[in-house]
Every structure is written in structure tokens, then in C-alpha cells.
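Student: Below are the chains, spelled out letter by letter.
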Amino acid sequence: MTTSTASPPSTNLGLLRDKARSIRREILLMVHAGQSGHPGGSLGAADLVTALYYSVMRHDPRNPDWPERDRFILSKGHCSPVIYAVLADCGYFPHRDLASFRRPGSHLQGHPCSAKTPGIEASTGTLGLGLSTACGMALGAALRGDQHHYYVLCGDGEQQEGQIWEAAMFAHKYKLTNLIAFTDRNRLQTDGDTEDVMPLDPLPEKWRAFGWNSWEIDGHDYRQILDAVAQAKREPCGRPTMIVANTTKGKGVSFMEDAASWHSGPPSDADLSRALKELSHG
Amino acid sequence: MVETKQTRQGYVDALIELAPQRPDLLVLDADVSKATKTSDFQKRFPQRHINCGTAEQNEFSVAAGLALEGFLPFATTFAMFATTRASDQLRNSIAYPKLNVKVGATHGGVSTGGDGASHQACEDLAITRAMPNLTVLVPGDYEEARQATLAAASFVGPVYLRFGRDTYPVVPELHGDFELGRAKLLREGRDVTLVSTGIMAYEALRAAEQLAATGLSTRVLHYPTLKPFDVEPLLSAARETRAIVTAEEHSIIGGLGEAVASAILEAGMSAPLRRIGVRDVFGESGPSGELLDKYGLRASNIAHAVQSMLHTASRPV
Chain Z
265 MTTSTASPPS
275 TNLGLLRDKA
285 RSIRREILLM
295 VHAGQSGHPG
305 GSLGAADLVT
315 ALYYSVMRHD
325 PRNPDWPERD
335 RFILSKGHCS
345 PVIYAVLADC
355 GYFPHRDLAS
365 FRRPGSHLQG
375 HPCSAKTPGI
385 EASTGTLGLG
395 LSTACGMALG
405 AALRGDQHHY
415 YVLCGDGEQQ
425 EGQIWEAAMF
435 AHKYKLTNLI
445 AFTDRNRLQT
455 DGDTEDVMPL
465 DPLPEKWRAF
475 GWNSWEIDGH
485 DYRQILDAVA
495 QAKREPCGRP
505 TMIVANTTKG
515 KGVSFMEDAA
525 SWHSGPPSDA
535 DLSRALKELS
545 HG
Chain C
97 MVETKQTRQG
107 YVDALIELAP
117 QRPDLLVLDA
127 DVSKATKTSD
137 FQKRFPQRHI
147 NCGTAEQNEF
157 SVAAGLALEG
167 FLPFATTFAM
177 FATTRASDQL
187 RNSIAYPKLN
197 VKVGATHGGV
207 STGGDGASHQ
217 ACEDLAITRA
227 MPNLTVLVPG
237 DYEEARQATL
247 AAASFVGPVY
257 LRFGRDTYPV
267 VPELHGDFEL
277 GRAKLLREGR
287 DVTLVSTGIM
297 AYEALRAAEQ
307 LAATGLSTRV
317 LHYPTLKPFD
327 VEPLLSAARE
337 TRAIVTAEEH
347 SIIGGLGEAV
357 ASAILEAGMS
367 APLRRIGVRD
377 VFGESGPSGE
387 LLDKYGLRAS
397 NIAHAVQSML
407 HTASRPV
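Here the protein sequences line up with chains Z and C, keeping their order. Once you know that position 71 of the first sequence is 335 in my numbering, the rest is easy, because the numbers rise by one and skip nothing. Once you know that position 232 of the second sequence is 328 in my numbering, the rest is easy, because the numbers rise by one and skip nothing.
Calculated from the structure, these hints are not laboratory results. From a predicted model like this one, the values you see are computed outputs, not experimental measurements. Relax, there's no trap hidden among the hints.
Distance windows between CB atoms, simulated:
(1) Z:360 x C:271: 52 to 58 Å
(2) C:382 x Z:436: 39 to 45 Å
(3) Z:437 x C:327: 45 to 51 Å
(4) C:140 x Z:406: 20 to 26 Å
DSSO-like cross-link-like pairs, simulated, lysine-lysine; straight-line CA separation at most 27 Å:
(5) C:139 x Z:437
(6) Z:439 x C:130
(7) Z:439 x C:139
(8) C:130 x Z:437
(9) Z:497 x Z:439
(10) Z:437 x Z:497
(11) C:194 x Z:380
(12) C:139 x C:101
(13) C:130 x C:101
In this text, a Cβ means the ideal position worked out from N, Cα and C, and glycines have one as well.
Modelling step: build the complete structure from the supplied sequences, incorporating the hints.
Tutor: In C-alpha cells, the structure reads:
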């Protein structure tokens, strides 16, 4: 894994693709074992989170409190399976813990809690909390003159919460250039299409109007993800960045793709084996 | 004439006093810094005062983020906003992960005055008492507010501090050492016990004097820490005196009165009990003092409750 001193390691896109495939398998196994959870959004975000943890962020699972580490905050906390799968794979806690997801006594709660799970930086779950918490962390780092970055993954439906726009104003006021956020723009939320439930378009324009850098990418294209982060880090005007990453909910499993019905709920035994079969080869 | 001072001023004076020794201390406000008095802190330490605008939800989660980075944030706003507008953030960003955030909540109770019901928090103690991990402090005068703030800063963990808006009588009996989690025995007595929190300490002491004039020896117990609740002194009172009256500038639902009642019953004891507080109604606009009169939060109300209870108790069954 990443070391405390080295610059981010892997830019081998094939390796990232393999890693994301195994993360997707773990997500489905976890939600099946817990018989509860949010598989669709977790699968859709797998490429973004994989790119961040295996190719962008400087972090050290053997030294999780390393002050200079980059931080990741999952503001769309219901997609906890994706971050749990990645943290276990990195070695923040034993892989066998994943089977205890959403079970009594487990540190793997339905939504992430910083007080329970090694590697979880902030408690999230009720939507809107994560971006604000990341703002506080990023401000703290800026006050100290630290150089590391804060990566946040927001849902698109989450941006119907007023708190998101409170945080947007705050990050602009305090010029939080160390804050690089992504919107997982899969266009689906619990009750259906975001544009039917409560329209969000045009998102990059909204973020720019709030004083952020913002543009769209393909959230499954590793090259675009890595380039976007590099571009955000070059930002010369003191602005935070919101990368609107277009994704497919349920990505990687044909019958789960673009289906709001897979927002939450476990796969049946049959669905699980079909899905694992699809994810078994590239 | 009784000397009066603002409890919110005690809060901010303590923050100013702490700032030089605690470089990790930051003060957050939500566009009410003149009303909460954190503007005094801002004048002295402008780089350490973070105005979040009228956005309490963001303010509280930002405070959580600062605590995660090792800072000591005092997130300040009115008690109404702290516990209702930003209740989710207080619960999920701060209390659940047990972060070292201090919430300075001013304008508690009906004595907030002219702003009326929309700004008079009378359920904040019920809400905060029900949140796991959260320590709840309700000091009774300027000096106790100052001491409570210093104690909260030394304590590691989330703390809710409740202050008022008005000036309130200075109560010398409150000025001993402040020990977080401990009730204070303000006055010894054998016949009845008055139990106060917040500014009702003054009214309880005056009620005790009125009752003494009628020959009743009256004990006064004060709870500047409402949670964790210091049960032992209360059980002694239930054993040793004949009746208990609680007094809080808060709804009788979910606050001091219910904490006292359940502590006594769960210990397998019983005691005649009356609760002085806001009786499940919204407040209204008016001068602070007149509102304390109107909602029955005065020494005379406490004394009357004691007398009617003893009268009832002495009747043959």
C-alpha cells in the first residue's frame, strides 16, 4: 500500500480497473451478508473511490493518524459499503470484518462513524453533514498551514439538502483550495430520477455561481478522474473544486445499472451469484 | 438592589480568558455575535473567530470538522437554533462520534423576552438530555457561567452550555468551586427541598427565605450540570425532607423536573413532588421579568407550591 513518504503510486489504469472489480464484489457480498444496505450507489462510486485511494491520496494504513495524510469524507454516507471495502483492502481493519456489516456489535455501521471504524475520517449519513465537516477539517488544516488535501464524495440527490449550499458558501469564503469534492452524478435517488424528484441541473453552473471551480467528467474514466484532481490542485484563484462526475448507478452489474430499485436493499442469493459471475472477469 | 449580570457575558469572558493559554480554541458564531457577545472575543482575537453566517447547520458540522483536526471549537448561537435548526448536526456530527465540541447556546428560556416564542428555547434541555454522549450545563449566574465554560474547556467531549439573554441576579452561593457533574448544596434544611437549575437558583434561594419566615427549614440543591445527573444528593433530600419542588426556566417536560422524578422513583423511593417550569405552552413577547412572572417562574410560585403540597400532605386520607 501507499507509504507515508512516497507520492501516490499506481497510475496503471488496468490495475485500478481490477481493483475496482474486486471492490464491487465485496460491496455485493457485504450487502448480502448484512441483508441490508445500498448497493446501487456504492457500485456506481467504486471507480471514483478506487482512483482516490489507490492512485491519488497519500495515506498509510499502518499509521492511520499520520497528520500529513490526505483525508476522504464520504458525504453520501449510505454508500458505506464502498468505503468499507476499500479500507479493508488497504488494511485498516481485517477483511473478515466486512461480513459483519450492519450486524449487532459490528464497527461497520450502516452509515460511517469516525468513532467506530479505523480509517473513517468523519461521521456521515444524514445527508449534507459530510461536506460541512470536511469544510471544518480543511479550514483547520489551512489555519495550521498543512499541505494535504480533503477529498469529499457527495451524492447528487444529497444536493437537495440546504446544508450543502451553506457549506458551498463557507468553503468559498474561507478559500478552501485544499478541498476537492466530487458529485456522484448518477441521476437517480430513492424515489426515482433526480430531475423528477427535485431538479438539480445544471450542477456545474450552480457550483460556479457559488464561487467554486466546477466541471463535468466521466466518473468511470480513470484518466479523467486523475486529470481532474491534478487540475483542481493547480487552481490558482483560491477556489474549492467540485468535480461533477457522471456515473451509472449500479455500474458493473448489468441488471443493476441505472435502476433506482437497486438504491437500497440486498440482492437475493440468485442475484448475488449472477452479479459475482459478471464481476469475475474483465 | 440586587446586582445583576449577563450569563452570556460570563461565557465570553471565560473564552477571552482561555484564549492565550489555549491556542487550539476557536469561536464560531452564526451572525449573532453581538447578541451572543462573541463579538467581544472577535475584537481581541479576530483570526480565531469564525463567522459562519446564518447557517447553524453548517456551523455545527464545521465545528465537528475542526474538532477532528484537534481544535477546541466553541460553536455559538441561540439555544433555539442550536437544538432545533441544527439538531441533526448536534446529534450526528458532534454527539454520536463524541467530538470535543462545546456548544455555547445563549437566549435560553422565556427570559429571552421581546423576540417571543419563536426564539425562546424551552425544550432545549429535553432535546440535549436525550442525546447520548452529551454533557449538559446550565449555570445560574455570571460567575457560574464563567466557571462552567472553563470547566467545559478542560473536559474532553461534547458539552452543551445554556445561557440566558437578560441580566440575572448575581448569586454568591453559586461561587464555590465548579465541579462538572456535581450538584451544589446552596442551603441546608430539614423540612423541604428545592431543586434548581440555571437562573432558578436565585428564585429558589428567595423562596427558601420566604418559607423560613413561616418556620420551614428549606434545603436548596442546585444543578449546574443537568447531565450527567448527580443522583446522590437528591436521594438524601428525598430521604431526609418531606417534599421536593423543582424549578427550571424550561418546559416541565424533559428537563430538571423529570430528571428528579425518575431518579427518585428508580431508587425505589417516593416523595411528594411539584415541578415549577413552563407548563407545556409556547412563550410570548414581553419584558423578561414580566414573562418570568407570567409563566410562574418566581420565588413566590415555588414557595406556594411547597405550602400547598404540605397542606395536602397533612390532610387525613
